[in-house]
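K.L.:
Model the placement of chain X on the given structure of chain A, informed by the hints.
So the protein lines, in turn, are chains A and X.
The numbering used here puts the last residue of the first sequence at 638; the count rises by one with no breaks.
The numbering used here puts the last residue of the second sequence at 129; the count rises by one with no breaks.
I should point out that these hints are in silico values taken from the structure, not numbers from a laboratory.
None of these values were measured; they are calculated from a predicted model.
Treat the hints with care, since some could be wrong.
Claimed, not checked - Here are the simulated distance ranges between beta carbons:
#	chain 1	residue 1	chain 2	residue 2	range
1	A	G631	X	V53	45 to 51 Å
2	A	G631	X	G56	26 to 32 Å
3	A	G357	X	N105	31 to 37 Å
4	A	H221	X	N55	44 to 50 Å
5	A	S391	X	E120	51 to 57 Å
What the hints assert, rightly or not - Pulled a few chain X residues facing chain A out of the computed Cβ check, cut under 8 Å:
#	residue
6	S62
7	S66
8	S82
9	G93
10	M94
11	P108
12	E120
Note that the Cβ used here is the ideal one computed from N, Cα and C, for glycine as well.
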Amino acid sequence: MHIHSDILIIGAGPAGLAAARAASQSPDKPTVTLVDENGQVGGQIWRRSAPPWAQELVGSAKDDRLRLLSGTSVVEPLKGGALLAVTQGQPNPLRLSYRWLILAVGARELFLPFPGWTLPGVMGAGGAQAMCKAGMDVRGKKIIVAGTGPLLLAVAVYLKQHGAVIPAIVEQTSSANIRKFAMSLWRTPAKLAQGVKLRASLLGVPYWTDAWPTRAAGAGSLQSVTIARASRGMVQDRTLDADLLACGFGLVPNTQLAALIGCEIKGGRVVVDDLQHTTMGEILCAGEPTGIGGVETALIEGEIAGLVASNQKDAAMRLRKSRLDARAFAARLNAAFALRSEVKKLAQDDTIMCRCEDATLGQLRRYTSWRDAKLQARCGMGPCQGRVCGPLLREVLGFEPTDARPPISPVPLGVLAQRHE
Amino acid sequence: MLGSMQRAPTPSQPDVRDVSIVLNGRRVSVSFGTSVAAAIWNAGVAASRLSVRGEPRTALCGMGICHECRATINGVPHERTCMVDCTAEMNITTPTTL
Chain A
218 MHIHSDILII GAGPAGLAAA RAASQSPDKP TVTLVDENGQ VGGQIWRRSA
268 PPWAQELVGS AKDDRLRLLS GTSVVEPLKG GALLAVTQGQ PNPLRLSYRW
318 LILAVGAREL FLPFPGWTLP GVMGAGGAQA MCKAGMDVRG KKIIVAGTGP
368 LLLAVAVYLK QHGAVIPAIV EQTSSANIRK FAMSLWRTPA KLAQGVKLRA
418 SLLGVPYWTD AWPTRAAGAG SLQSVTIARA SRGMVQDRTL DADLLACGFG
468 LVPNTQLAAL IGCEIKGGRV VVDDLQHTTM GEILCAGEPT GIGGVETALI
518 EGEIAGLVAS NQKDAAMRLR KSRLDARAFA ARLNAAFALR SEVKKLAQDD
568 TIMCRCEDAT LGQLRRYTSW RDAKLQARCG MGPCQGRVCG PLLREVLGFE
618 PTDARPPISP VPLGVLAQRH E
Chain X
32 MLGSMQRAPT PSQPDVRDVS IVLNGRRVSV SFGTSVAAAI WNAGVAASRL
82 SVRGEPRTAL CGMGICHECR ATINGVPHER TCMVDCTAEM NITTPTTL
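So that you can see chain A by itself, here it is in the shape it has in the complex:
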């Protein structure tokens, strides 16, 4: 099936939804198609709980003016400005053509390998929250929340509210960095209030800074987690019982689709100008793929992209100041939670780096590039297409991931066979 739209938006998280809203309010009345891989809109941050304006917007999607394709994944770009996509449970692929394309494909979690991280019961921090939102029962479960960033607090609050016991929140950055960041929050009182509220919800939960997980252990599934804590130049280990370890070390921009289309990627981010134009003609990109900026940045950038694509450039120009402010806040936050070198050195020779192919650090040390590791040890050749091991090998071994290749996610061969029909 072929669907043509004036504006095709990939990703229905904050950026994609803001873009759809801005575009649908244009006097030009463009046709807008919003595509998302999940069953519900909201992206990873809102998951099943998008704000009322977004739900209203999606509720109004019924004709050509705004069409929502949920459960739909992009497979690859086609020649001549279109994307090939598949919808869950539909055997026939879709050909989506467009005048303007807005990439609002978000970010994923950064995982770092340590002994035992492949055990059942070790999840991402955002991953554990997503699982809980999707019905995972955490009542009475001991969940250690570890890694870095304010996401850890949000995840801990959410899990606690759903009945989990949080033995500790384990934050790798230093208490000095956190204090400095907290001091800068006077510039953004709303953020300060958010932070205070989060901490208040976590009364009685230990928040350890200068601390990181060094080992997960258990027979068949997780039973305990060893945490290292640095203090006055000394590092001390201590082991805690746990049913689940929710562990994320920040976010990685999703750049694969932009790269396949031919947009310039620099330092792991899609290059855009101050009106969200990528280096490719009428292709815009907003939010996390252009650099981790958080939900406020994504909303502003999505709106800018939606305005630019729907002939409302003047309104888009007026948002540039708010965009810079949001980006400045994100830069302070990213600096405060930058990764310490210790957390990049936790893997041992027998620790698995590529979970799809079970390639270990010992095997991969021999290679000098991502390409070699791929060709020789099949690292990154499995179903996740290097989306988990690519970013972690960059942190651990300094490998720069090379060009993305289609398909973006595995599809039945029949889908690829039909792409020219």
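P.N.:
Using the frame of chain A, we list chain X on its own:
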């Protein structure tokens, strides 16, 4: 007919929004909106899949990226269970001999 429609629900009656699925041959009831990955975790199943070396694996990312949670749903292998919600009579199988 009328009589059965007017019958008051008994306390033991399951929530109408509960969904009945079959997990490794065992009948399991889950709340509406539960993903297959969450159902697998809630049921205490040891693994969604076995890795290349035969290690048990379950969901890592919870958002369709890592493919660690893949299992067989209604006979279709390698489905990402975190991306699929349970529906009535869904049949899910995971490796049971670890």
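K.L.:
All the hints need checking, so say for each whether the structure fits it.
P.N.:
For each hint, the structure was consulted:
1. G631(A) with V53(X): 45 to 51 Å: Since the Cβ atoms of G631(A) and V53(X) sit about 27 Å apart, the hinted range of 45 to 51 Å is violated.
2. G631(A) with G56(X): 26 to 32 Å: Because 30 Å falls inside the window, the suggested range holds.
3. G357(A) with N105(X): 31 to 37 Å: With a Cβ separation near 32 Å, G357(A) and N105(X) satisfy 31 to 37 Å, so the hint holds.
4. H221(A) with N55(X): 44 to 50 Å: 45 Å, holds
5. S391(A) with E120(X): 51 to 57 Å: 53 Å, holds
6. S62: The hint holds - S62(X) has a Cβ within 8 Å of chain A, the shortest such distance being about 6 Å.
7. S66: 4 Å, holds
8. S82: Holds, because the Cβ-Cβ distance from S82(X) to chain A comes to roughly 5 Å (cut-off 8 Å).
9. G93: 4 Å, holds
10. M94: 5 Å, holds
11. P108: With a closest approach of 11 Å, the P108(X) hint is violated.
12. E120: 15 Å, violated
Comparing the model with each numbered hint stated earlier shows that hints 1, 11, 12 do not hold.
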